[in-house]
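Residue numbers (numbering that gives the first Met the number 0), protein chains in the order written: chain A, 0 to 358; chain B, 0 to 190; chain C, 0 to 544.
None of these hints come from the bench; they were simulated from the model. Glycine included, each C-beta is placed from N, C-alpha and C at the ideal position. Possibly wrong hints are sitting among the right ones.
What the hints assert, rightly or not - List of simulated lysine-lysine pairs, PhoX-like, C-alpha gap at most 25 Å:
hint, chain 1, residue 1, chain 2, residue 2
1, A, Lys-338, B, Lys-20
2, C, Lys-418, C, Lys-441
3, B, Lys-159, C, Lys-244
4, B, Lys-6, A, Lys-338
5, C, Lys-209, B, Lys-159
6, A, Lys-338, B, Lys-10
Claimed, not checked - Which bits of chain B does chain A cover? Going by a derived footprint, with three or more residues having C-beta under 8 Å, they are:
hint, segment
7, 10 to 23
8, 28 to 37
What the hints assert, rightly or not - Some, not all, of what chain C presents toward chain B, calculated at C-beta under 8 Å:
hint, residue
9, Phe-208
10, Arg-211
11, Phe-240
12, Gly-242
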Amino acid sequence: MYLDIIITLIKIAIVFGFVLNVAAILSWAERKQSAVMQDRIGANRADVLGFRIFGLFHPIADTIKMLTKEDWVPPAGDAFVHTMAPFLALFTALVVFAVIPFGDTLHIAGRDIPLQIADLNVGILFIVAFGGLGFYSVVLAGWSSENKYSLLGSLRAAAQLISYELALGLSIVGIVMVYGSIELDDIARAQGQYILGFIPYWGIIAQPLGFLLFFTAAVAETKRVPFDLPESESEIIGYFTEYSGMKFGAFWMGEFIEVVAVAGVVTALYFGGWQIPFVNNQGIFFPGLFTIPLPHVLIVLLQVAAFGLKVLFFCWFMLLVRWTLPRFRYDQLMAFGWKFMVPLALLNILVTGLFMYVF
Amino acid sequence: MKIVTQKLTTKESLYFFEIAKGLWITARHFVKNMYFHIAHLYGKYQEVPAAVTIQYPEEKIPVSKRWRGNHRINSRPDGSPRCVACMLCETVCPVQCIHIIAGEHPDPNIEKYPVSFDVDVTRCCWCGMCEEACPVDAIYMDTGKTPEPGYSREDLVYHKEQLLKETPLPNYQRSLNTPGQGPMKANPMGL
Amino acid sequence: MPTVTIDERQVTVDPGTSILEAAKKLGIFIPHYCYHPRLTIVDACRMCLVEVKGAPKLVTSCSNAVADNMVVFTDTPKVEEARQSVLEFLLINHPLDCPICDKSGECLLQNYYFCHSRKPSRFKENKVKKHKVVDLGPKIVLDSERCIVCTRCVRFCKEVAGEEILGIFNRADHSEIGVFPGKKLENNYQGNLADVCPVGALTARDFRFKCRSWFLCQIDTICPGCSNGCNAVVHFTLRNFNGLKGQRVFRLTPRENNDVNKVWLCDVGRWGYAFVDSIDRLTMPAMRKGEDFVKTDWNTALKETANRLKTLVERYGANAIGVIPSPHLTNEDLYALKCLFGCLLKIANIDFKVPGFDKGEDDKILLKADRHPNTKGAELLGLSGTGLSVEAMMDKVKAGEIKALYLAGSDPVKYMGEKAEEALSRAELVIFQGTNFNASCKLAHIVLPGATFVEKEGTFTNYQGRVQKVNKALEPLGEAMADWEIFTRLGQMLGVFPSYRSAEEVFMDIAREVAPFAGITYKKIGSQGIKLTLPEGPVLSEAKE
Chain A
0 MYLDIIITLI KIAIVFGFVL NVAAILSWAE RKQSAVMQDR IGANRADVLG
50 FRIFGLFHPI ADTIKMLTKE DWVPPAGDAF VHTMAPFLAL FTALVVFAVI
100 PFGDTLHIAG RDIPLQIADL NVGILFIVAF GGLGFYSVVL AGWSSENKYS
150 LLGSLRAAAQ LISYELALGL SIVGIVMVYG SIELDDIARA QGQYILGFIP
200 YWGIIAQPLG FLLFFTAAVA ETKRVPFDLP ESESEIIGYF TEYSGMKFGA
250 FWMGEFIEVV AVAGVVTALY FGGWQIPFVN NQGIFFPGLF TIPLPHVLIV
300 LLQVAAFGLK VLFFCWFMLL VRWTLPRFRY DQLMAFGWKF MVPLALLNIL
350 VTGLFMYVF
Chain B
0 MKIVTQKLTT KESLYFFEIA KGLWITARHF VKNMYFHIAH LYGKYQEVPA
50 AVTIQYPEEK IPVSKRWRGN HRINSRPDGS PRCVACMLCE TVCPVQCIHI
100 IAGEHPDPNI EKYPVSFDVD VTRCCWCGMC EEACPVDAIY MDTGKTPEPG
150 YSREDLVYHK EQLLKETPLP NYQRSLNTPG QGPMKANPMG L
Chain C
0 MPTVTIDERQ VTVDPGTSIL EAAKKLGIFI PHYCYHPRLT IVDACRMCLV
50 EVKGAPKLVT SCSNAVADNM VVFTDTPKVE EARQSVLEFL LINHPLDCPI
100 CDKSGECLLQ NYYFCHSRKP SRFKENKVKK HKVVDLGPKI VLDSERCIVC
150 TRCVRFCKEV AGEEILGIFN RADHSEIGVF PGKKLENNYQ GNLADVCPVG
200 ALTARDFRFK CRSWFLCQID TICPGCSNGC NAVVHFTLRN FNGLKGQRVF
250 RLTPRENNDV NKVWLCDVGR WGYAFVDSID RLTMPAMRKG EDFVKTDWNT
300 ALKETANRLK TLVERYGANA IGVIPSPHLT NEDLYALKCL FGCLLKIANI
350 DFKVPGFDKG EDDKILLKAD RHPNTKGAEL LGLSGTGLSV EAMMDKVKAG
400 EIKALYLAGS DPVKYMGEKA EEALSRAELV IFQGTNFNAS CKLAHIVLPG
450 ATFVEKEGTF TNYQGRVQKV NKALEPLGEA MADWEIFTRL GQMLGVFPSY
500 RSAEEVFMDI AREVAPFAGI TYKKIGSQGI KLTLPEGPVL SEAKE
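Only chain A is shown next, with the shape it has when bound in the complex (with noise of 0.2 Å):
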């Protein structure tokens, strides 16, 4: 029972570590990734010691200056609900990570540990859940403002994300009926089949559209460019106006977490989760022809290294598409959500069904 906990602990421990880390260095990396896109070199200057190593102390640099500067509450706004509202942020973002599989069970020592923190059997409902309980870090943040440009730039970020809630929700509906389940460690399972011996089945040979309107939608749920009109920095007053200090950085990196959890779950739904193609759980084997044995506990390392680097590889193209596009103007925003997403997603749902009872 201890062990349990115990076990769990140190899971957790690793989750967050990993994506917390991921969050700091991404604050560092979408300065530099825009720099490389831009055939610049990006900031380089904080240095210790002259030590300056990419600019890697940026984000410490960043954080002191966060955490020594004014944390300033509007005098006539709520104070209690402004100071929870970051927070609000940040918890919605980290918890979605407790369900998703980042490797095969584990047996080790005759107990088998799932990679997990918490297997649910609700999976993906509680990952929709917790991704629509966002918004109301966002609303609130506005509300407790006591400003007007705050509180409609909360509304207006708050429609937002409910609009493409909807077309996120449509479009896994697809996942579910592909794989049967709603549970994301049967959903990464069911992703080391291969249709006709040979290919992956992954969700994103399963389901190609359900992918693009999955990934769109969750970009915009991240509120990142195209999709970031609630933030916007140089152009309209957002929901966060009011915000200084730590607290703004709260919500900058509730949205980096975002960006990773984001990325976590479009790993776990449409890319195999942590499989590896043509490496099960005996070792290395060629479809039909032979295997090459691996020790069970190396596998499961690759499988959660496989994992990492996907999740970062989607980290990364975030990071190009934030940098690619322009914004989307606000009417194109809610036409493209309403008219585009959401009948393509019901569209996605009818031809799975259609493809399932052919087949």
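Given the structure of chain A, go ahead and fit chains B and C onto it with the hints provided.
Here is chains B and C on its own, set in the frame of chain A:
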């Protein structure tokens, strides 16, 4: 006013391919630049730049041969300024940034020398007329430098001693008689 | 009375007038070097050659007198060619270092070259090297290479300064100006050598390398050095940067006035301008706090002055105050002073004649023993003899009968020494109004900064009774104010007083109220001054024409 609206083609209106095209371009830049960045770390392909950035205080843009930078006073072989304090630069200066105080030189053939020679770069407009007015090739704007920021106005007034220490940029077109490099230009005033 | 035609224009002049002067009368300028209106004609430079109809060759216009029906041409090709040749000869050995020559900008060689020649040199041989920077005494520096041997300086020393000191040594292109062995250039008129020298050979050490001539502005003024009132031009600059150390006035040069100074200026007056920008100028009103002076603003200082004067007058009567103006002040200043103290406060003890104020050295040429420019004016305005003399005032101060002294520019300590010092330190109130800090100012309780002669408009009356105008060249240093303005503001605080806005308004009052000045205006004074019709009676002992 005529408003031209561009109609999107069917393919374009799908956005997907256009977005993919855009992502391809940025991804290509990323991969290419990343490749050279990493290659530079290992000392390879140093001649191919990975970024167009010029890291300003450490690196500087090579300036043109005719570019006018900070001022400099040419010196005689003995290190004293070639300036004879005729104040023609001070006279011609359209923004009055040069201030010279003249004194009696111990050598009667030189006669006059600048006791102080101040260039107030906060006022300078870099027109180069002082160079042209100078009858003895004393003042040049060929250091290739831009003024460094200062904490007070006084920091941005360059005095004779500083101006004498400056060295010319190699190959600067107007630099006719750099001390120690090539023959001195015949001076019309015999000084 | 011969009538000549110069460049197809006719002029009738006195017999014996030279062609050059006749042309000048017509406004035709003939370039010249050795000719100087106040010196003898030597015919040396050949620059003034003109063509005379009937004459076989060109003639020098400076030495040839006009004859009746003479026809002269000053700008024919032949004349121009002659001028070009003369310039080419002069420039053979003249160094071409105008940029460092102090005369450049006002050099006749430079000017004539640009007006008449503009030809490159054809001279290929080496130039004759001569002595540079020759010390001709503490005031004048000679550069023989630049000399064109016009001998103006030689003649000046002989004819005006009254001593043969300079001469030409060696021959031909080795000619050099020099001091005769055993003699020294130490007269009081050396400054004029730099003025008469048409090139940069003789330069004044005081001005040498201080400022380029083109940076200077000029305005007519009167030399404040002595009661002669020589007409002068003050050269000043409006530039201001650290290196100048606050110097604004650079030199005084003479201005022609045949009735006063001809075209000369003595060294005492010429180099007496230093007090204008000296470090001891008073720039802020100040009041004594214990041993020290505390800077204050005009309102406070003037209010304090007015209150204390008023209190003293009320308590002890008008005779408890003594006023000692200075003949350094202009007529306007003195008149405002008289209005304030004489008419408004009814003070009788006003006397400018500090014992010994007119006991300087008289050199019988220009410099007068009385080193104050406006003694005559002060006398005519009645600023002496109405009450006690300065000496008596000092005694009364010591006796405690006079409580306050108002020193308007005067420095009794300088002339009376310990006696005045003792008196001033005993007085209940000493107000010093003046331009520079001095021994009397040191003992004052209230210090009011006044403007110097270049910082205000006004008139001086010289020893002959000639009213001449000084003009405002510069703004008063710091917060200093023209003296008439101080008196006006003080007067308005003390009672009914005319609100003068300019020196000219004060002078209009003088012209109305003071008999000798009747009918004179600034316009009538002009640049040459106007002589007053003096009343009968004793005038200053020095008055002699």
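Pair hint outcome, Lys-418 of chain C versus Lys-441 of chain C [Cα-Cα no greater than 25 Å]:
Within the cut-off at roughly 15 Å; holds.
For the pair we were handed, Lys-338 of chain A and Lys-20 of chain B, check the Cα-Cα distance against 25 Å.
holds, 24 Å
Status of the Phe-240 of chain C interface restraint (C-beta, 8 Å, chain B):
holds, 5 Å
Holds or violated: the hint that Phe-208 of chain C contacts chain B, with Cβ atoms closer than 8 Å.
Hint holds; Phe-208 of chain C Cβ to chain B Cβ min 4 Å, cut 8 Å.
Go through the hint on Arg-211 of chain C and say holds or violated, using the shortest Cβ distance to chain B against 8 Å.
holds, 5 Å
25 Å limit on alpha-carbon distance, applied to hinted pair Lys-209 of chain C and Lys-159 of chain B
holds, 18 Å
For the segment 28 to 37 of chain B, count the residues whose Cβ lies under 8 Å from any Cβ of chain A; is that count three or more?
Answer holds; 5 residues pass the 8 Å Cβ test.
Would the stated hint for Gly-242 of chain C survive a check requiring a Cβ distance to chain B of less than 8 Å?
holds, 4 Å
Quick one: see if chain A covers the segment 10 to 23 of chain B, three-plus residues with Cβ-Cβ under 8 Å.
That given contact holds, which follows from 4 residues of the segment 10 to 23 of chain B lying within Cβ reach (below 8 Å) of chain A.
Can you confirm whether the C-alpha distance between Lys-159 of chain B and Lys-244 of chain C stays at or below 25 Å?
holds, 18 Å
Between Lys-338 of chain A and Lys-10 of chain B, does the CA-CA distance stay at or below 25 Å?
Status holds; Cα separation ~18 Å.
Is Lys-6 of chain B close enough to Lys-338 of chain A, meaning Cα to Cα at most 25 Å?
holds, 19 Å
Of the numbered hints given earlier, the model fails none.
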